[in-house]
Every structure is written in C-alpha cells, then in structure tokens.
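Given next are the chains, with one letter for each unit.
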Amino acid sequence: MAMTFAEKILAKYANKKSVIPGEIVTVHPDHLLTHDNTAAIIQKISKELDEYGIFSRQLPIIVLDHVIPAASEKTALNHKNIRDFVKKHRIKHFFDVGNGVCHQIVVEKGLALPGKLLLGSDSHTCSYGAIAAFSSGIDRTESAALMLTGETWLKVPQTIKMELNGKLAKGVYSKDLILYIIGKISASGANYCSVEFHGDVEQFSVEDRFTIANMGVEMGAKNAVFMVDDVTRKYLNYLKVDPSSYNAVYPDINAEYQEKLSYDLTKISPQVSCPHTVDNVKPVSEIEGLEIQQCLIGTCTNGRISDLQIAANLLRGKKVHPDIRLIVLPASKQIFEDALQNGIIETLVKAGGVILPPGCGPCLGAHQGVLAPGERCLSTANRNFKGRMGCKDAEIYLASPATVAASAIHGKITDPRREMKK
Amino acid sequence: MKVWKYGDNINTDMLFPGKYTYTCSTPIEIKPHLLEDLDPSFANAVKEGDIILAGKNFGCGSSREQPVVGLKAVGIKAVVAESYARIFYRSSINQGLLLIECPQAVKAYSDGDNISLDLEGGKINISRKIFSFPKLPKEILAISKAGGLLEYTREKLKKKK
Ligand code: SF4
Chain E
254 MAMTFAEKIL AKYANKKSVI PGEIVTVHPD HLLTHDNTAA IIQKISKELD
304 EYGIFSRQLP IIVLDHVIPA ASEKTALNHK NIRDFVKKHR IKHFFDVGNG
354 VCHQIVVEKG LALPGKLLLG SDSHTCSYGA IAAFSSGIDR TESAALMLTG
404 ETWLKVPQTI KMELNGKLAK GVYSKDLILY IIGKISASGA NYCSVEFHGD
454 VEQFSVEDRF TIANMGVEMG AKNAVFMVDD VTRKYLNYLK VDPSSYNAVY
504 PDINAEYQEK LSYDLTKISP QVSCPHTVDN VKPVSEIEGL EIQQCLIGTC
554 TNGRISDLQI AANLLRGKKV HPDIRLIVLP ASKQIFEDAL QNGIIETLVK
604 AGGVILPPGC GPCLGAHQGV LAPGERCLST ANRNFKGRMG CKDAEIYLAS
654 PATVAASAIH GKITDPRREM KK
Chain H
228 MKVWKYGDNI NTDMLFPGKY TYTCSTPIEI KPHLLEDLDP SFANAVKEGD
278 IILAGKNFGC GSSREQPVVG LKAVGIKAVV AESYARIFYR SSINQGLLLI
328 ECPQAVKAYS DGDNISLDLE GGKINISRKI FSFPKLPKEI LAISKAGGLL
378 EYTREKLKKK K
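Chains as they are written, first to last, in my numbering: chain E, 254 to 675; chain H, 228 to 388.
If you're looking for bench data, these hints aren't it; they were derived computationally from the structure.
Honestly, I wouldn't trust all of these hints.
[Claimed, not checked] Distance ranges between label pairs, derived from CB positions:
hint, chain 1, residue 1, chain 2, residue 2, range
1, H, T253, E, N566, 49 to 55 Å
2, H, A369, E, S497, 57 to 63 Å
3, E, L514, H, K362, 45 to 51 Å
4, H, K387, E, K270, 24 to 30 Å
5, H, T253, E, T519, 53 to 59 Å
[To be verified] Calculated from the model, a selection of chain E residues having no Cβ within reach of chain H, i.e. all distances over 10 Å:
hint, residue
6, T279
7, T402
8, I506
9, D591
Glycine is no exception: its CB is placed at the ideal position from the N, C-alpha and C atoms.
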C-alpha cells in the first residue's frame with residue numbers, strides 16, 4: 254500500500270506493514286523531550302519513580318531553558334529538583350542552564366535524526382521535521398507515563414502535501430513563507446494533519462527548514478516535515494553524524510493526501526503576523542510605519558547563526574533607534590560562541606543590542622523583556638497571543654530577523670528591502 | 228441526562244478562563260469556573276452522566292489541563308464533536324474524559340433528541356438513528372476505564388512486577 258511520510262514512520266514504530274489514517278498505534282519513541290516543566294512531571298509520579306525507576310536513562314532529553322537563570326525561589330527550586338532527578342536516575346541527555354533552547358539543542362546535538370520518532374511536552378516539538386524526523390507535542394501527564402513505560406499511542410494523521418514552487422526573492426525568508434502559509438490556511442487549517450513540504454526546497458538550509466517546521470503547530474499540524482536531501486545530509490555531516498545511524502524515509506509517489514496545496518514563492522513579500530492570532534498575517538507594506546518599542550531577535554524559531562548574521566549585516570555600523578530596545582538571544586551556547594567568534598555579537602552590541610543568555614528569554618512572558626501596557630514588540634518568535642510576553646495590554650507582531658533588524662533602526666515597522674538597497 | 232450543545236472553535240479559554248490558570252488546579256477550584264465565558268448556566272446545572280455536543284476544533288488554544296480535569300470531575304459522560312484540537316484530544320484521554328468524533332451525529336442532532344452511547348460497539352443512537360464512530364482500540368478504552376493515563380500506567384506497572 255502506498256503511504257505518506259507519517260504513515261511510513263508510524264507503521265515502522267508500530268511494527269506493522271502498513272497503517273491508515275485514523276488508526277491508533279502503540280509506539281516507543283526514540284526520545285522524550287521535557288524542559289523546566291520536568292519538575293511538574295516528575296512530581297506526578299514521584300512514588301512510582303521510587304518504586305519502578307525510569308523506563309530508560311537514554312529516553313529523556315531534559316533542557317533547562319524556559320526561565321533561566323532562575324527568576325525566583327520557586328523556579329530555582331524546580332531547577333534543583335530536576336537536577337536531583339537527573340542525578341538520581343542518571344539521565345543521559347541533560348542540558349543545564351545556558352546550553353540553549355530545548356528544540357535547538359535536540360537538533361544541534363544530533364538527537365533528532367531522519368526517520369526517528371520523538372515526542373515532547375512542548376507544542377513546538379514539531380520542529381525536528383526540519384531534519385526529517387517525526388516529532389510532535391504531548392501534555393505533561395503523558396510525558397509522566399512515558400518516563401515510566403517508554404510507550405504511548407498515536408493516531409495516524411491525514412497528510413497535507415505542500416508544494417513550494419520558485420525561489421524566494423531577496424529580502425524574503427523562510428519566516429515570511431511560513432507566516433504567509435499560516436495566513437492562508439488559518440490557525441486550524443492543518444489540524445491533526447501531518448504536513449509534508451515538497452518542491453523547490455533545496456533553497457532552504459536546515460536552519461530555514463527549522464523555522465518552517467517549528468511553526469507547523471501554529472496551523473494545528475501534528476508534525477511538519479522536509480524529506481532528506483543533500484541539504485540534510487550535508488548538515489548531518491557537519492554535525493559528524495554517522496550516516497549508518499539513520500534511515501531516510503520518503504513518502505511513496507502515489508501516496509494518498511488529504512489535500513495538495515501549492516505556493517508560488519516568487520510572489521511572496523516580507524510578512525508580519527499581527528495581534529493577537531498567528532494567522533492574522535499581512536504583507537509588511539500594509540503596516541509599514543507602525544511605531545514599536547521593543548525588538549526581539551531569537552527564540553527556537555529564529556535564533557540561529559544565520560538569523561543573527563542577517564541582523565548583523567543590516568545593523569553593521571548603524572545604531573538602533575533611540576526609542577527601541579533591541580533584545581538578542583542566541584538559541585544555543587554553540588550559536589553564541591560562533592557569533593562571538595565571527596564578530597556578530599560585537600556588531601549587534603555596538604548597534605545597541607542587549608544580549609540575553611541562550612534560552613527562551615522573553616518569548617513566554619515569564620521574565621526578561623516583559624512588555625508594558627500599550628507597548629508594541631516586533632519579534633522573531635512564533636506566537637503573538639494576548640499576554641504572551643507577560644502583559645495582556647501589549648501587542649506582539651511576528652516577522653523575520655531581517656524585518657526586525659530593519660525596523661529596529663527606524664523605530665517603526667520597516668520593509669527590510671529598503672535597508673538592503675542602501 | 229442533559230445534552231449541552233455548542234458550536235465551532237470552542238477554545239480552552241471559553242472552557243476555563245486563562246486568568247485562573249495559576250490559581251486553580253484541583254477539581255473543586257476548577258468547577259465554579261467551567262465554561263464561565265461560554266455558558267454561565269453550565270457549572271451549576273451540569274449533572275453526572277451529561278453529554279456535550281459540539282462542532283469543529285473543540286478545545287483549540289492552550290494546552291492547559293484544567294478544562295479536561297474539570298469536565299471529568301463534574302461527570303461529563305462524553306463529548307461528541309465534529310473534530311478536536313489534538314493536544315486537547317490527547318489530554319482528555321489521559322484524564323479519562325471520553326471524546327467521540329462523529330460529525331454525522333452532531334449534524335443529525337436537534338434539541339430534545341435522546342442520545343445513547345454504545346462505547347464497546349462504537350455506536351451513537353440519536354432518537355433511533357444510529358451512527359458509528361471509529362472504535363477506540365482496546366488500549367485507549369482501557370485508559371478511560373482505569374480512570375486516566377496515570378492510573379492506567381500504575382496498573383500496568385503493577386502487573387509487570
Ligand atoms: S523559545 Fe518560545 S516557543 Fe520556543 S520553546 Fe522557548 S518558550 Fe517555547
């Protein structure tokens with residue numbers, strides 16, 4: 254039977270020849286990602302952990318990234334409890350404060366590989382489709398059960414095929430593309446579905462693909478995936494991943510899709526997602542000139558070296574507008590080191606940027622860069638829900654690193670292509 | 228048994244307002260605020276064994292567990308909807324709240340109809356019209372029977388010992 258990517262992976266993990274959409278299968282994922290919420294998860298099962306231990310010390314990947322360094326006694330205690338748990342159960346993949354955002358770590362450390370199955374108690378776990386893994390978000394209760402038994406169930410999703418045709422123009426990036434797609438399909442347009450990206454994808458680096466897959470959940474998708482190609486192989490080579498440690502999985506040519514959509518990339522311009530839903534997307538041209546007070550470059554969506562490089566290129570030798578606070582946070586320690594070495598950090602600091610430690614920072618509104626009522630923030634993150642950055646009376650706009658950097662110079666939303674022409 | 232009927236895109240804020248997320252976590256704390264901004268009559272009048280009928284994308288929005296914990300605690304027998312947002316769907320199974328996806332049944336229902344459920348057989352009977360929904364595999368039925376994923380997992384671990 255012809256199968257899509259999701260069907261093939263789930264059949265493989267369910268030890269079945271084939272599966273059909275709607276079918277429910279029992280699977281043992283390769284990894285379970287949890288972050289600061291590990292504290293709440295292990296609390297649910299403290300007795301069982303004492304009695305039975307964890308299923309496997311290799312299964313969990315635990316990254317402290319959401320509120321780091323600890324912002325209060327409560328968060329410090331959570332971190333401490335997690336460290337104790339990690340020691341007691343000899344958890345193999347633990348990344349303490351300062352290593353970076355969980356999703357970046359998973360990919361960067363080669364823990365997500367093509368054809369693998371990963372689950373995580375964070376909705377943006379879908380990011381690893383960038384590297385052709387099947388990955389999806391679950392809740393804390395389920396993560397607790399997985400810690401104990403190593404298994405759970407998954408429903409085989411329908412698949413939507415998205416065909417990307419043509420090249421993006423200069424000044425237009427993968428972030429603009431995914432915002433554009435979400436604007437078209439809506440925040441629930443891919444509910445339950447696996448999304449496959451095909452077509453002219455060789456123009457997208459693994460970092461670009463990460464940005465796109467990361468936002469799959471913002472259209473309701475279960476996972477979003479790019480197939481293995483030379484771009485993927487080169488990236489894995491660079492990570493020194495042994496090619497024998499993974500198996501590329503491809504959909505069959507005559508696989509059945511719920512829907513096939515195609516996009517003409519040559520027509521897409523820089524996009525901005527406006528408050529308070531991610532699918533409220535407009536071309537930058539429609540809201541150019543809107544005053545902003547804070548700019549954020551970073552998060553699991555756009556905090557990688559290529560993102561920081563784009564921003565540095567625009568900000569080199571310039572100053573951020575006096576009414577703007579520019580916050581930059583590299584998505585990982587590795588990225589931070591690279592950005593230090595090639596002068597990106599120096600450029601951004603000289604331009605007036607404030608560098609935060611690698612982690613989630615202001616993205617979830619718990620600390621660092623919280624907004625005041627009436628303020629507007631232009632951010633490279635993935636969500637602009639009311640209150641997301643800690644204040645329900647503030648507004649969050651989402652855009653590419655180039656749009657955010659160009660806007661930081663002018664103090665208002667600006668088409669990055671204007672800065673590039675100069 | 229009462230049937231509570233709602234429309235499309237009922238999000239988790241409507242089911243349980245976000246402003247209480249960090250102050251209410253036990254069923255007793257959650258109950259008075261259940262469906263507060265959607266149907267103020269619900270929290271007082273809901274009875275054990277009632278059914279919720281809804282449209283598309285039920286439970287969209289945040290992944291907070293309170294709506295599910297609350298509906299389970301007040302004794303909702305099942306939610307029957309055209310579709311669900313996926314994290315809500317999983318959360319419901321994990322908390323032992325039964326969700327049935329059956330768009331035909333939702334469309335066929337009109338006020339006053341009787342609903343009965345045959346869970347093992349995968350059938351809904353709406354005033355003598357019968358609709359099938361895909362049967363949940365034994366494993367998932369077992370999760371709801373055990374009263375939720377943690378209880379189910381505890382039983383499983385005990386048996387293995
Ligand atoms: S950076 Fe933001 S979206 Fe990404 S994992 Fe952290 S809080 Fe979530």
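For each hint, the structure was consulted:
The beta-carbon spacing between H:T253 and E:N566, approximately 53 Å, falls within the hinted interval of 49 to 55 Å. At about 39 Å, the CB distance of H:A369 to E:S497 disagrees with the hint of 57 to 63 Å. Look at E:L514 against H:K362: about 32 Å separates their beta carbons, and that is not inside 45 to 51 Å. Taken as a hint, the range 24 to 30 Å holds for the pair H:K387 and E:K270, whose Cβ atoms sit roughly 28 Å apart.
Between H:T253 and E:T519 the CB atoms are about 55 Å apart, so this pair conforms to the stated range of 53 to 59 Å. Non-interface call for E:T279 relative to chain H: violated, since the shortest CB-CB distance, roughly 6 Å, does not exceed 10 Å. Look at E:T402: its CB is around 6 Å from the nearest CB on chain H, not clear of 10 Å, so calling it non-interface is violated. At roughly 28 Å from the closest C-beta of chain H, the C-beta of E:I506 stays outside 10 Å, upholding its exclusion from the interface.
For E:D591, the condition that its CB be more than 10 Å from all CB atoms of chain H holds, with the nearest at approximately 33 Å.
Hints 2, 3, 6 and 7 from the list above are not met by this structure, while the remaining hints are.
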